[in-house]
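S.K.: Sequence:
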Amino acid sequence: MPTRKYYRPQTSLKEKTAKNKKGGYLLRKMLKWFLLISFFFAIAALISGAAIFAYFAKDLPDLKKMDQRQIIESTKIYDRSGQILLYDVHGEEKRTVIPLEDISDTLIKAMLAIEDAGFYEHSGFDVKALIRAGLANFRGGKIVQGGSTITQQLIKNSLLTSERTLTRKIKELILSFEMERRYSKEEILSFYLNQIPFGSNAYGVEAAALTFFNKHAKNLTLAESSLLAALPKAPTYYSPYGSHPEALKTRHEYVLDRMKELGLITSEEAENAKKETLQFKSEKTAINAPHFVMYIREYLEEKYGDKYLQEGGLKVVTTLDWNLQLAAEKIIEEGALQNEKKYKASNAALTAIDPKTGQVLAMVGSRDYFGEPSPKNCVPGKNCRFEPNVNVTIRERQPGSAFKPFAYAAAFKKGFTAGTVIFDVPIEFSAQNQNCPPEVDFSNEDRQCYHPQNYDGKFRGPVTLRQSLAQSLNIPSVKTLYLAGVPETINTAQDLGITTLKNRAQYGLALALGGGAVKLLDMTAAYGVFGNEGVKNRATSVLRIEDSKGNILEQYQKSEVKALEPEIAKQIADILSDNEARTPMFGADSPLHFADRPVAAKTGTSQDYRDAWVVGFTPSLSVGVWVGNNNNEPMEKGGAGIMAAGPLWHKFMAEVLKNKPVESFIKPENKNQPSNPLLNGQFASEIKVKIDKISGKLATEFTPTELVQEKAYKQVHSILYFVDKNNPLGPPPQDPNQDPQFANWEFAVQKWLKESGQVDLFNQTPTTETDDVHIPANQPLIKIASPLANEAVNPQNLTI
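Numbering (the working numbering) for the sequence shown: 3 to 802.
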């Protein structure tokens, strides 16, 4: 078959013209139909689009909700400066909303570079990015790349579910377009950066910056910013605390390369950021001052509710002094470990309060909040000597002798003085009990009997209340409590801030030696009243609380109350800071003494060495330290307050006071000294009687004045003989035997007097006989012999 040739045949001009006319007509006709069909297709597309839009729009969330929505924000607890974040209280999300200007420029650039480089060019969605992602996902056979813009991500996370369906995607595109029309780019970016998840419960850039770097978002470096920008793609996988550090490093470097590629940073900046060694905040330090923070949290939950606390975005500025807290934590941890070796005391606690304000400056509830209970395999709440999470500062413990100042203060309120003399001698306080004879037998362990001993087992005879309190003598202190009264002592303690001791019927004379449980926080605050001249400021831990809008919900206000007469407070402070007075018991250079300044302090040791205390103060600082075991197991003998708690207390006070000006306590005035010798430092009282010089017996009204002699007889008796405990400044009791304690107290004093060899010097009994010489019967009889009655008298002859 011959090859067919393709060519165009020649035609005449007429034919050509006719043919051209016919071709133009057909072309115009085809164009007309094409335009018509296109128009109908466009109309159909618009109608379909409108129908699709109408279909999906009816179920679309209202964008107004972006303005009205309640963003979950976590509560931030800060130290007193408002700068040190102690804890972020949150539920499933921790977040703090901040304005765009408070976000580092490098962080904004890093987020845009890795999440949406064309953010400022598109109108809600990026067609090129969607096509590019679609092709990549098609080639990969799975979702390997996202094409969502920042606006789309915001819509998905804020208003839609995270399901992967065409329906949700259409809704997302519609809402993204509408959002771009309604909000500015800056507003959208601000919404996004405050909401995006970074892992470790951190939502938003501020929470992320604080969680991972312990700094605010505005202070982030380029290296830190680019690392945070690497996290949102897979927060758990790329977590700095996770198991894929190499993957995080690769992703981090990719962010920096992307920023360099877009011209946001230079090559040198990128390389320097890659080389920078990043310091991540320890997960352990996610909570600072943990016992204090939990104490604050409990208060906030009780007042504001748990939901508001976790989601309301409160800013809580506390009273905590961060530097003091750090010093306290270090000293308590180190001291507790030493005490464990020396005395088998596994735990310790400390509180510090400003007496002038009541503000809690430091609180350490155990030696290590993050430690493990010990011994190993112990059951917390039952047999653990050390329980890390228990805040001992607010637990009830036996205070030992640390309770004594309240008894002395109550006695001073009644009229007793620092110079009042009480006998430190063996005594049985269970009076009128046949099982407990006045002659003390310390081997008698009958629980009905009560005959305490002093810490050193010695007895000192007559001592003043100043000596007794300063040296922490037990026997005189129990007597002081009796003189002051148990109810009156409890009243005084509670007036000063002790919140326990509510079941008054269960307390007796053992209260003077710590027979009632108290809290370390209460004791520290109460001692502060002595240093503040009797003025109590309620212990408080909050300076200010703001809501998420900056409105003040709560603010510190002074709550001064006169809890004790100033002179009494000054007297207690004067005694507890008198190093000379306490030296016979504690030595001249004990842990209670500071050579450069006066500091008041009191020790306490509970029965069987279960608790060791020191509480002390200056006019501006009150500090309490407790040492012991959580399960109440006794320490080794020797673990007394002065030995176990004293060094920790002294070290903390020295650290805090080293750069502080010296403050002195104001001395008590002691203007009106009582006339009773026993209230003025004399243990013997004089009985003065008037004697007739001739007969040596009691003078009478008939004894001539020149023959009357006053003679003094020194008497030594129990204070109950000379002083009415209910009215010490009044007359002595008419019948001391009416007091149930008198017989035993008197027996003990007279026994001491005899054993001390002084019985002949005192208690000479004055005569009770009255003068029998100068009596009416022995008076001379005078008779007038002359003149006689009615006789006229010559003055010259008058004879008598």
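Honestly, I wouldn't trust all of these hints.
To be verified - Pair by pair, the computed Cβ-Cβ distance ranges are:
#1 E569 to A745: 21 to 27 Å
#2 E638 to R540: 36 to 42 Å
#3 N505 to G552: 43 to 49 Å
#4 Q675 to Q752: 25 to 31 Å
#5 L700 to A794: 45 to 51 Å
#6 G93 to K669: 54 to 60 Å
#7 D448 to Q740: 52 to 58 Å
#8 E569 to Q752: 42 to 48 Å
#9 N682 to E771: 28 to 34 Å
#10 G552 to Q675: 56 to 62 Å
#11 A791 to T707: 47 to 53 Å
#12 K344 to N672: 39 to 45 Å
#13 N505 to R546: 36 to 42 Å
None of these hints come from the bench; they were simulated from the model.
Given the structure is predicted, the values throughout are model-derived calculations rather than measurements.
Glycine included, every Cβ here is placed at the ideal spot set by N, Cα and C.
S.K.: Does each hint hold? Answer for all of them.
M.R.: Outcome of the hint check:
no.	hint	in the structure
1	E569 to A745: 21 to 27 Å	violated, 34 Å
2	E638 to R540: 36 to 42 Å	holds, 38 Å
3	N505 to G552: 43 to 49 Å	holds, 46 Å
4	Q675 to Q752: 25 to 31 Å	holds, 28 Å
5	L700 to A794: 45 to 51 Å	holds, 48 Å
6	G93 to K669: 54 to 60 Å	holds, 56 Å
7	D448 to Q740: 52 to 58 Å	violated, 26 Å
8	E569 to Q752: 42 to 48 Å	violated, 35 Å
9	N682 to E771: 28 to 34 Å	holds, 32 Å
10	G552 to Q675: 56 to 62 Å	holds, 59 Å
11	A791 to T707: 47 to 53 Å	violated, 33 Å
12	K344 to N672: 39 to 45 Å	holds, 42 Å
13	N505 to R546: 36 to 42 Å	holds, 37 Å
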